[in-house]
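**Q** Sequence:
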Amino acid sequence: MDRERLDLLLERIILGLVLSILVFSTLALGGVRGDHFSIVLWLTAVVVGFWVARLWIAPKITFLWPPACWAVLGFAIYAVLRYHYSDIEYVARQEVLQILVYTTVFFVIVNNLYRQENSKIVVMSMVGLAMLLSFYAMYQAFGHSNKVWAMDRPLSYANRGSGTFFCPNSLAGFLEMLLPVAVMSAFSRRSGHAARIILGYAAMVILAGIAVTYSRGGWVACAVALTLLLIFGTRNIRARLIILVILLGLTVGGYYSIKQAHRVVQRRVGEAMNMGHDRDLRYRIWPAAAELWLNQPWWGVGPAHFDHRFPPYRDPVNRMQARPVYVHNDFLNTLTDYGVVGFALMGAVWFLVFVGASQTWNRMSHATSDGAALRSSKSAFVAGAALGLIAILVHSLVDFNLHIPANALLAVTLMAFLTTYMRFATEQYWVPLATTGRAVATLVLIAAFFLLGVGGVRRFTEAYWLRQASRSTLAEEKLGFLQKAFLAEPQNFETAHEIGEVYRLISWDGNDDWAKYAEAALPWYRQSMILNPYFSHAPMRYGMCLDWLKRPAEALPWFQHALTLDPNSYFMVGSLGWHYMQTGQYAIAKRYFERSVNLNFENNAQGWTYLQWCEREVDAQRRGIK
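Those letters in the sequence shown? Residues 1 to 626, per our numbering, in order.
One or more hints might be untrue.
With a straight-line cut-off of 30 Å between C-alpha atoms, the simulated DSS-like cross-links for lysine-lysine are [what the hints assert, rightly or not]:
#, residue 1, residue 2
1, Lys-550, Lys-478
2, Lys-516, Lys-550
3, Lys-60, Lys-378
4, Lys-60, Lys-120
5, Lys-550, Lys-147
6, Lys-516, Lys-478
7, Lys-378, Lys-120
8, Lys-484, Lys-516
No lab work stands behind these hints: they were computed from the structure.
Assemble the whole structure, with the sequences as input and the hints as a guide.
**A** Here is the structure:
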């Protein structure tokens, strides 16, 4: 086999692997679980390996390096540097590994899959997958199935379609990126009559899929994308009329698909308009995130650190007691985690991609007669992909879609293919690589290969043992699984805390060796505090163990420290009340339990129970009853 044929084979293998990454991450619950994302890490590492082989097998190597590539590389380097200065190493590393995967996939596509047929294969495959997910979503919504595969979804998602994602909003984000591509491709006369019919049908199904997610952000993003498609999709008046008629048809179809669930729609819209105490959680999170960012505006609090730095900013008035995880606004989330510098670099990526897409579109439109852009498959893809990316940006104002690996990978893929299409507008961004250039590129790719491969092994091993521990009902067996997970990933503060919890609960069984297990729990809680100094549960449980060991004077500072870390948490406030209850100081305990139930009076059964107990004890003491 000659080198050119072998090079073509390697290109096809890379194409297959990239498509495998996209499809697998989508079907595997969006790639959010550690064991699933470890597969993505491994597949990406394998892609890098084949790219290295291609560097030396191809007769001639040239890199396509438009301006957007510099911005992507700049943000990746900044994220790695910000990781090294992060307070919580474990969560920062998991975030940066994801960023490295996205960066690698971007450069793999730009420099290996720049041929138009590759973009058509990937994007049309994803449109087909989107259509299948839409059918699944309609089954979940209209068939009242609250499962994804064989797993139960949260009850709050009942009667909403989510496809293979747990969250319906995530499915809406996935579909809205592909809807404009499907619509524009359906109008491309180069696609062929049968293909255009299939793509038009796929577009209608995808729109129905978005409808049954009942995602308010998804609806708005879809409306924006379709409106822009109508206005800018073509300059030909007749074509605009055709688009308008089809969009009206799609709108009517979407209306009838949700008509039978109009009460759900009314409720979802009503929740968005509610500004009272029970208002949408986004309105409760955003002010805290903005305040957190303003305290460290330039560099941010660290990759994926928002969730762990949020507790001190919890507002006691709005009753936001749940763990937010994300800001529910990807723009504000980026500002909070990476600061103005990181936000500017990420903004530069999007800006340069859109600038390149605009230049490509203008060059294609001006090179032909009026209306030819509609007929060109190249122009159809450029317009559709750009509008899909605009849709996800609009949706990201109220959700965290770009923190879902499957959605982030799809967005990166569209951005990369848009970047490759700049070669149709200009030849100035091709950079030939001599032997020295190949050697440098090889060294960088080998480093990426080991980073991704080792990261995948660690993540999979940890996730495997944690899953075994979650299934175990025997304390000693669960302890063994957790210790193996901690051995695989010794920076995970939550695993250290869970090991301490197992020891504590064994101790609380009250057997003869209870003190030994309580003492064994203490170093694990201390380790958890070292790994994450913002984690309030570890010092709180440390204090509980000291109370159990009859050392209340030592315990009090730990409860106070936990309350300092999360001052408006009903659980932390109630825990300090529990401490005073153990020491017989019921009047003081009563005040803390009153505050605890005031912070959370709906889901605080333990707080109400202890409050009533303390009230009885205080009343008994007042009347002199022992």
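**Q** Does each hint fit the structure? Answer for all of them.
**A** Status of the hints after comparison with the structure:
As the CA atoms of Lys-550 and Lys-478 are separated by approximately 27 Å, the hinted pair is consistent with the 30 Å bound. Under the criterion of a C-alpha separation no larger than 30 Å, the hint pairing Lys-516 with Lys-550 is consistent with the structure, at around 13 Å. Between Lys-60 and Lys-378 the alpha-carbon distance is near 26 Å, which keeps this suggested pair within the 30 Å criterion. The hinted pair formed by Lys-60 and Lys-120 meets the criterion: a straight-line CA distance of about 24 Å does not exceed 30 Å.
For the given pair, Lys-550 sits about 47 Å from Lys-147 by alpha-carbon distance, which is inconsistent with the 30 Å threshold. This hinted pair checks out: Lys-516 and Lys-478 have alpha carbons roughly 18 Å apart, not beyond 30 Å. With a C-alpha separation of about 10 Å, the suggested pairing of Lys-378 with Lys-120 holds against the 30 Å cut-off. For the hint pairing Lys-484 with Lys-516, the CA-to-CA distance comes to about 21 Å; that is within 30 Å, so the pair holds.
When held up to the earlier numbered hints, the structure conflicts with hint 5 and nothing else.
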